[in-house]
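Chemist: Taken in order, these protein sequences are the chains called Y and E. If you count the first sequence from 1, position 156 lands on 156 in the numbering used here, and the numbers rise without skipping. Count along the second sequence from 1, then add 1000; that gives the number in the numbering used here.
Keep in mind that the hints were calculated from the coordinates and are not lab data. Values in this document were obtained by computation on a predicted structure and should not be read as measured data. Check before you lean on any hint, since a few could be wrong.
What the hints assert, rightly or not - PhoX-like, lysine-lysine: derived pairs with alpha carbons at most 20 Å apart:
#, chain 1, residue 1, chain 2, residue 2
1, Y, K86, E, K1311
2, E, K1013, E, K1166
3, E, K1139, Y, K55
4, E, K1011, E, K1076
5, E, K1133, Y, K160
6, E, K1199, E, K1009
7, Y, K67, E, K1139
8, E, K1281, Y, K129
9, Y, K83, E, K1318
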Amino acid sequence: MKKINITIDGKKIIADEGQTILEVAAENGIQIPSLCYHPDLSVKANCRICIVSVKGLTSPQTACSTKVQKGMEITTESPEIAKLRKINLELIFSQHKEECADCVWNFNCQLLELSKKYKLQITRFSDRKSGFPIYNFGPALQFDSSKCIDCRNCVEVCHKQQVGHLQIVSKNNLQEIIPNDKNPCIFCGQCIIHCPAGAFEGVGEFEEIETPLADKNKVVVFQFAPAIRTTIGEEFNLPPGEDLTGQIVAGLKQLGANYVFDVSCGADFTTLEEATESLERIRKNENLPLFSSCCPAWVRFIEVYYPQLIPHLTTARSPHVILGSILKSYWATKYQIDPVNLVVVSIMPCVAKKYEITRDELRIHPTESIAANAPTLFGEADRIPPVDYVLTTRELAKLFKKHKIDLTKIDPTPADDPFGNYSGAGVIYGASGGVMESALRTAFSLVSGGQKIQIEFQEVRGQKGLKTAQVDLNGKKIKVAVANGLENAVKIIQGLNKEYKDYACIEVMACPGGCIGGGGQPLPTNASVRKARAEGLYKIDEKKELKMAHENPALKKVHEEFLTTEEIKQKICHTYYSAKNN
Amino acid sequence: MFDKGIIAKLKQKGLTGRGGAGFPTWQKWEAVKNIQADKRYIVCNASEGEPFILKDKYILENYPEEVIYGLKIALKAIPKSEAIIYLNEFYYQQFKNKLEKLIAASPITLFSKPGGYLKGEETTLLNIIEGEKAEPRVKPPYPTEKGLWGKPTLINNVETFYWISKIAKNEYQGHRFYSIEGEVKNRGVFELPETYTIKQILEQTGNYPNFSFFLQVGGGASGAIMTPNELDQPIKGAGAILVFNKQNTDPLQLMAGWAEFFIRENCDQCTPCREGVYRLKEALAKGEIKKEAIDEVLLALEKTSFCPLGKSISTPFKTALQKLF
Ligand code: SF4
Ligand code: SF4
Ligand code: SF4
Ligand code: SF4
Ligand code: FES
């Protein structure tokens, strides 16, 4: 890369040719305000807030779209620039309904910061969008179009996800973002992550949790996902990647949780089922490649857009659902808790999980709690969901803050027995490649007959959108692929008869980087943040002695005492899928 | 005839784009010619979407052979190229047969799609040809580097190709076309020296009003308002003059009409143009020209709009507010 000399605000800077002014400035600690720019997406340059002056040019230039050139002299703040930014910001506020207290940005919002910095009269113009509709996207998200500032990021990201649920239309000669029901939403929540204006949010109010917590008759169990332990700190001004496992447990206990378990343990159950299933399919050469199914957005994507591929999905339940199912059957029986009074709350990096728990396919029969030979006391209609509530990382942070629980100040506590035990393989589920690596560890171990086996699979780690590896499974060459972001998944789908023809296993996560980049995670989320979050998870795995899912003692015990027949395993650990058209 | 020195000639004659932007033609040609590429495109823009300008129509009607000849020169000068003439739907109907006959076996195709004003902007035109949304693209890359289907693309207006033909034939005398509309006796398109002042143009064509008047110069929407004491200068932008009778023109209504026009024609991509024009329209409909807010919106439009359309919107409003109130 050619180096060139430029100056920004009088500071001499050596920059790479081809970089934009915004990138160079950020690397050198100079903040240029920007709204429509998101490093994951194409430069659209439509908010016109990042304007700077360039010596020799009469009009200001947008820093996000202007590349640096040799000798460029750039000024990022001046009375003229400030005035122009102020006008454009006031125009932007005239189309944005402020609801700061209830916003995904949690007061960490560019708009708000800029309104203070430039002393805006935010009510200078009447709200153009007051009365604009709020749309519900299934039981997962809500889109308040009266907050939209028309940057189009959500439309782009939804297209990138190969869905196209969001579209731009023209109404009364003005552009409007509206959902397109011909292309059903798959609830990945990437629109939330990429909206500078907080127009999207998961459904539900986090305060709902306070009702069961206050109810003496209820036993409230919290379980939290692998991917939230290295992200929730961001809501408390910690850098991404900081491991707060014990602090989360302590915080949940303070909220009044009766028990706190770790979804990483659920992941271990999922891994064993998935690894067994894949070995079986490889042996029979049936429905290959096997697709992972722990991402409900990906499952829904297949059910809606590629139903012919349903047989490829593993039937193993996702980690929090499998654990919820065990809680409401085996564990409830053991502790003599009426499953109907057992409230399971999952803390997830994800809004698709809010949808997942409404899936009828996942409901279980309470009598399953008394094992397979119990009399049927309940009708079909009494089947209960394995998980009652899903809160996102952001929502949990809000709940903590509301109750004055500061995760940076609290002493860590270990999660409860038995499902507070987890393997390192279960923790890396939160990063793209983690499910595959966990499954490989277990599959290798199952076929190796006790020999020492490979533990680390570096090829499937990292932030690349599409990763492939070839592994030697007891003399048999096995090809695996890992995709994050559905554009990469679709590349695999389109190559199933070609370059991906002889692949055995495919892991797909709908979100870039996997769940650490999920729709329920703190904002901002971008490539460097995702990288740090994932590295945090791999560090936990590194330190963990227990590396393999199937060696988790809690799992072993449940398998010995409860999951003893194929029938009960099917009911508790597996599910089914069907084509869906909305 | 197709001498290699056409670009040098364009440079020597100082021909600039006649679509309104006024960029030196030879520079574009050279850029497209010199960049590495396996394929290049030449686009002749005959979309003519600005109200009260009928110059392209006049040229296509009277001198189609010159336009095609100009295109053929470009095809020769620019290696591995093919050409497209973009016509608005009406011109397409009207001139299709004539043009196709003249094109014969040359690699020139006609393209048409309904739509309006924004097509004057080069990258919008490219988006439409590619079947994308009718709106400007982020620049860079410029069309001369990455234009139609990602290939280097030369875009010139109908009139520019006309003059290229004239220059190639050594018949160019520094003339241009002027479109004169409004409250005049002799409406139409006239070919006159580009050094002529506005006053001379009006007089020469027998159009100098004998009543109290003002003009809009440079386009029926984006042109500047000019009063009789400013006419001793040539036209800088698009060669269009629109004459208004001062007595029976309500400037507020005129401005409201522009706002309507721009809100309909703009693409809504960027903040100052989408929200700013909306606020202009809102204020004008109420008859309020709260000066400060309007001035600020116009400033943001001029200085921060994404594309030339938005940038040009402030001209008519600013000049009207200065000169008609
Ligand atoms: S959740 Fe995903 S699929 Fe649904 S609208 Fe947002 S980006 Fe599109
Ligand atoms: S909803 Fe948000 S992301 Fe989508 S266009 Fe509006 S402001 Fe941008
Ligand atoms: S990748 Fe993870 S966070 Fe994203 S939709 Fe799938 S399960 Fe949810
Ligand atoms: S200035 Fe107007 S027409 Fe140009 S990009 Fe912006 S909104 Fe579209
Ligand atoms: S951040 Fe550059 S225009 Fe929006």
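Chemist: Hint by hint, say whether it matches the structure.
Modeler: Verification of the supplied hints:
Distance check on the hinted pair: K86 of chain Y and K1311 of chain E sit about 18 Å apart at the alpha-carbon level, within 20 Å; holds. Under the criterion of a C-alpha separation no larger than 20 Å, the hint pairing K1013 of chain E with K1166 of chain E is consistent with the structure, at around 11 Å. About 19 Å separates the Cα atoms of K1139 of chain E and K55 of chain Y, which keeps this hinted pair within 20 Å; it holds. Of the pairs offered as hints, the one joining K1011 of chain E and K1076 of chain E holds, with about 17 Å between alpha carbons and a cut-off of 20 Å not exceeded.
For the proposed pair K1133 of chain E and K160 of chain Y, the alpha carbon gap of about 17 Å is at most 20 Å, so the pair holds. For the suggested pair K1199 of chain E and K1009 of chain E, the alpha carbons sit about 31 Å apart, so the restraint of at most 20 Å is broken. Distance restraint check for K67 of chain Y and K1139 of chain E: the Cα-Cα separation of roughly 10 Å lies within the 20 Å cut-off, and the hinted pair is therefore satisfied. Distance restraint check for K1281 of chain E and K129 of chain Y: the Cα-Cα separation of roughly 16 Å lies within the 20 Å cut-off, and the hinted pair is therefore satisfied.
The straight-line distance between the Cα atoms of K83 of chain Y and K1318 of chain E is roughly 18 Å, inside the 20 Å bound, and the hint therefore holds.
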